[in-house]
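**Q** Here is what each chain is made of, one letter per residue.
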Amino acid sequence: KAGVTQTPRYLIKTRGQQVTLSCSPISGHRSVSWYQQTPGQGLQFLFEYFSETQRNKGNFPGRFSGRQFSNSRSEMNVSTLELGDSALYLCASSLRGYEQYFGPGTRLTVT
Amino acid sequence: SQQGEEDPQALSIQEGENATMNCSYKTSINNLQWYRQNSGRGLVHLILIRSNEREKHSGRLRVTLDTSKKSSSLLITASRAADTASYFCATTQGQPGANNLFFGTGTRLTVIP
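Going down the list, the protein sequences come from chains A and B.
Each residue of the first sequence is one higher than the one before, starting from 1 at the first, in my numbering.
Each residue of the second sequence is one higher than the one before, starting from 1 at the first, in my numbering.
Bound-form chain A, shown alone (with noise of 0.2 Å):
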């Protein structure tokens, strides 16, 4: 089976405009989480989606929002970017929700 997917790979964005960031889970899986990940703050949990439905949130302002299409693929959202947005963006799947994988991550870089 193909692992995540997760594109673009690199992104640079300028502060206040908005990025869009797609990922395509294991075929079969329908669990789809976000993390945001920074040198300063660690690993943090973003969101999940479960069937085109959030089923878990972290503790992240509103600009930061996601969704996910009835073929379980997920894009994440994030507005009015801020120099402390750039981050990798990882996204995982779940097929038991125990175990995660991961894809490669997204690094965005927001000057």
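Take these hints with a grain of salt, some might be off.
For each label pair, taking beta carbons as the anchor points, the in silico distance ranges come out as [to be verified]:
(1) B:Gly40 to A:Ser70: 30 to 36 Å
(2) B:Asp66 to A:Ser70: 27 to 33 Å
(3) B:Thr67 to A:Lys1: 41 to 47 Å
(4) A:Arg30 to B:Val44: 45 to 51 Å
(5) B:Glu17 to A:Gly62: 46 to 52 Å
(6) B:Thr27 to A:Thr109: 32 to 38 Å
(7) A:Leu83 to B:Ser12: 29 to 35 Å
(8) B:Gln14 to A:Leu83: 39 to 45 Å
In case anyone wonders, no lab produced these hints; they're calculated from the structure.
We put the CB at the ideal spot given by N, CA and C, even for glycine.
Once you've looked at the hints, dock chain B against the given chain A.
**A** Leaving out everything else, chain B in the frame of chain A:
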């Protein structure tokens, strides 16, 4: 913060030696998992131990869990240069099956050939 703490932050050993990393967490958990990350890439799941288990083995990995002390340890035996990576513990809490992982701060392991 709900994140766990890992100790040590960095560890450097010779190939063939054993490496031990420790993780402490703050709240009751459903399970605890260990992940490996190579140089800013995606994480790879290594092993999961449930809250009612005390020890688990997988190949050269041995994980222990002490829920009374809210701590876990990961032992990598007979280390190899390819084991060089960052290692994170992660817990799930609340509703069983929840997929919101709370990660520790990580241990950076360097294995010298």
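**Q** So, for every hint listed, does it hold in this structure?
**A** Comparing the hints with the structure gives:
Look at Gly40 of chain B against Ser70 of chain A: about 32 Å separates their beta carbons, and that is inside 30 to 36 Å. The hinted range of 27 to 33 Å is not satisfied by Asp66 of chain B and Ser70 of chain A, whose Cβ atoms lie roughly 43 Å apart. Checked against the hint of 41 to 47 Å, the C-beta distance between Thr67 of chain B and Lys1 of chain A comes to roughly 34 Å, which is inconsistent with it. Distance hint check: the CB atoms of Arg30 of chain A and Val44 of chain B are about 21 Å apart, inconsistent with the given range 45 to 51 Å.
Between Glu17 of chain B and Gly62 of chain A the Cβ separation comes to about 48 Å, which falls inside the hinted range of 46 to 52 Å. Look at Thr27 of chain B against Thr109 of chain A: about 34 Å separates their beta carbons, and that is inside 32 to 38 Å. For Leu83 of chain A paired with Ser12 of chain B, a C-beta distance near 33 Å keeps the hint of 29 to 35 Å intact. Roughly 41 Å separates the CB atoms of Gln14 of chain B and Leu83 of chain A, a value that falls within the hinted 39 to 45 Å.
Hints 2, 3 and 4, counting from the list given before, are not met by this structure.
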